[in-house]
Amino acid sequence: MAQTKSKKIPLTGDQAVATAMKQIDPDVVAAYPITPQTEIVMYFSNYVANGQVSTELIPVESEHSAMSACVGASAAGARTMTATSANGLALMWEIVYIAASLRLPIVMPVVNRALSGPINIHCDHSDTMGARDSGWLQIYCESGQEVYENTILAVRIAEHKDILLPVMVCQDGFITSHAVEGIQLLDDKKVKEFVGEYKPAHSLLDVEHPVTYGPLDLQDYYFEHKRQQSEAMKGALKILPELFNEFEKTFGSKYDFIDTYKLEDADIAIIALSSTAGTSRGVIDELRAQGIKAGLLRPRVFRPFPREKILDALKNIKAVAVLDRAESFSAEGGPLYTEIKAALYDSNIKPLAVNYIYGLGGRDIFPDDIESVFSDLSGILKNNKVSNPINYLGSRE
Amino acid sequence: MAEKKKSWKEIPIGGLILEAGNAKEYKTGGWRTFRPEKNDKKCTNCLFCWMYCPDSSIKVEDGKMAGFDYEHCKGCGICASVCPVKCIDMKKE
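The listed protein sequences correspond, in order, to chains A and B.
As numbered in this note's numbering, residues 1 to 397 make up the first sequence, in order.
As numbered in this note's numbering, residues 398 to 490 make up the second sequence, in order.
By construction, these hints were calculated from the structure, which means they are not laboratory data.
Note that the Cβ used here is the ideal one computed from N, Cα and C, for glycine as well.
There could be a bad hint or two in this list.
Subject to a maximum C-alpha distance of 25 Å in a straight line, what follows is the list of computed PhoX-like cross-link-like pairs (lysine-lysine) [what the hints assert, rightly or not]:
#: 1; chain 1: A; residue 1: Lys226; chain 2: B; residue 2: Lys402
#: 2; chain 1: A; residue 1: Lys238; chain 2: A; residue 2: Lys309
#: 3; chain 1: A; residue 1: Lys199; chain 2: B; residue 2: Lys406
#: 4; chain 1: B; residue 1: Lys406; chain 2: A; residue 2: Lys161
#: 5; chain 1: B; residue 1: Lys403; chain 2: A; residue 2: Lys226
#: 6; chain 1: B; residue 1: Lys439; chain 2: A; residue 2: Lys234
Now the in silico label distances, taken between C-beta atoms and shown as ranges [said to hold, decoys possible]:
#: 7; chain 1: B; residue 1: Lys401; chain 2: A; residue 2: Lys385; range: 52 to 60 Å
#: 8; chain 1: A; residue 1: Val48; chain 2: B; residue 2: Glu458; range: 55 to 63 Å
#: 9; chain 1: B; residue 1: Lys456; chain 2: A; residue 2: Lys226; range: 38 to 46 Å
#: 10; chain 1: B; residue 1: Ala417; chain 2: A; residue 2: Ser230; range: 46 to 54 Å
#: 11; chain 1: A; residue 1: Gly235; chain 2: B; residue 2: Glu422; range: 27 to 35 Å
#: 12; chain 1: B; residue 1: Ala417; chain 2: A; residue 2: Pro241; range: 51 to 59 Å
Here are a few chain B residues that face chain A, going by a calculated C-beta distance under 7 Å [as the list claims (entries may be wrong)]:
#: 13; residue: Lys402
#: 14; residue: Ile408
#: 15; residue: Ile410
#: 16; residue: Ala417
Required output: the full structure, derived from the provided sequences and hints.
Encoded structure:
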């Protein structure tokens with residue numbers, strides 16, 4: 001394969017996303033800065049000011065306006081992006097749902113941060129987990145390299161004619177957004193070719209084919225439009241593999257709905273999103289050296305929920321710990337845990353399952369914490385019983 | 398009104414309306430509680446009613462007020478209110 005990637009360049013996760021946006025060169029970006037997303041908008045603003053992109057940058061007065069401007073731009077036929085975090089996403093809320101309902105292929109990098117209150121600027125997944133039912137696809141990335149490449153991939157996912165749904169590309173606030181990592185950049189020309197030219201099916205500016213976006217939709221058809229959304233989301237499960245393949249053929253990076261580490265022959269496993277997976281890999285290596293068959297499952301795509309992939313990955317696992325970096329306050333555990341359990345219910349796969357809420361508000365997750373989870377799993381396996389299904393990892397008792 | 402409604406596979410996505418000028422297909426006359434009726438003797442054909450009607454439900458022929466489009470008139474009574482010679486009466490349906 002021809003050289004498609006640069007040598008490693010030191011970039012933060014936010015710089016990597018801004019670089020991806022530069023290479024995508026969207027028609028419109030409407031954004032408002034919020035920690036820890038700020039650097040994305042800051043670097044991208046430089047590209048606009050320096051004439052390195054042709055994007056119309058709309059510096060709005062709030063995130064509600066950012067997403068509103070994105071909806072207007074996307075409906076007008078523009079390839080549209082924004083980026084946000086936490087309370088910014090919360091302020092967008094109303095329009096986040098409208099973007100998905102109007103089937104607008106907006107791509108939004110989200111730098112995961114705890115929702116207030118009390119106010120906190122550090123990483124957890126309470127922001128995007130709250131938006132898990134908004135109708136957006138969600139991809140959770142472990143590293144700067146992954147969030148860089150998936151921001152580019154997300155454009156094709158969102159704009160696919162049989163998907164036409166907005167996409168959130170998530171990374172962990174500060175942990176990857178502000179950590180400098182050696183990132184291999186993709187060739188500008190190849191990225192341009194890969195994302196191609198956006199040809200909207202229905203543009204407000206196409207006066208030859210007038211279209212109305214967002215009319216009143218009452219008892220007689222609203223339900224059918226929601227049905228279309230859910231069928232599109234289910235359909236994405238079938239379409240994404242084609243796009244993963246095309247990305248791999250073009251750039252050499254292999255992505256799937258899930259990522260696993262030493263899971264095939266594992267007895268006990270951790271399921272975790274984003275950067276925590278990296279911490280887990282190191283612990284798994286140590287445990288493997290001691291003869292403990294530990295493994296990792298990292299769901300990358302959370303919406304749509306890749307049920308079959310997850311079940312297949314768990315088929316030989318005897319005890320599993322689901323780590324949630326968000327509390328859902330349901331008294332039934334975190335969102336990842338409840339969805340994994342729901343998927344297991346009507347399958348023949350019945351590992352012992354336990355939930356750990358962890359890392360809220362940026363509380364560090366150390367290798368020792370991961371090791372304690374695996375130690376608990378060994379105990380659960382020995383006793384063949386989960387005595388305490390919902391746990392709080394790293395919270396002082 | 399008894400037309401068969403379309404399935405989710407047969408309608409444009411996202412609630413989009415892909416043709417212009419189709420609001421007239423939505424009959425709103427059934428919303429009416431009071432119907433406007435005109436006293437022809439008093440009418441001066443000033444067409445204030447036509448200018449003010451929010452639903453384009455005043456019919457005009459040869460520059461003269463020619464009645465109401467009862468399929469779309471919602472009975473708001475603005476025409477009766479603005480008529481300078483009070484020749485439009487609102488009658489209970």
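- Any of the earlier hints contradicted here, and which numbers? Failing hints, ascending: 6, 10 and 12.
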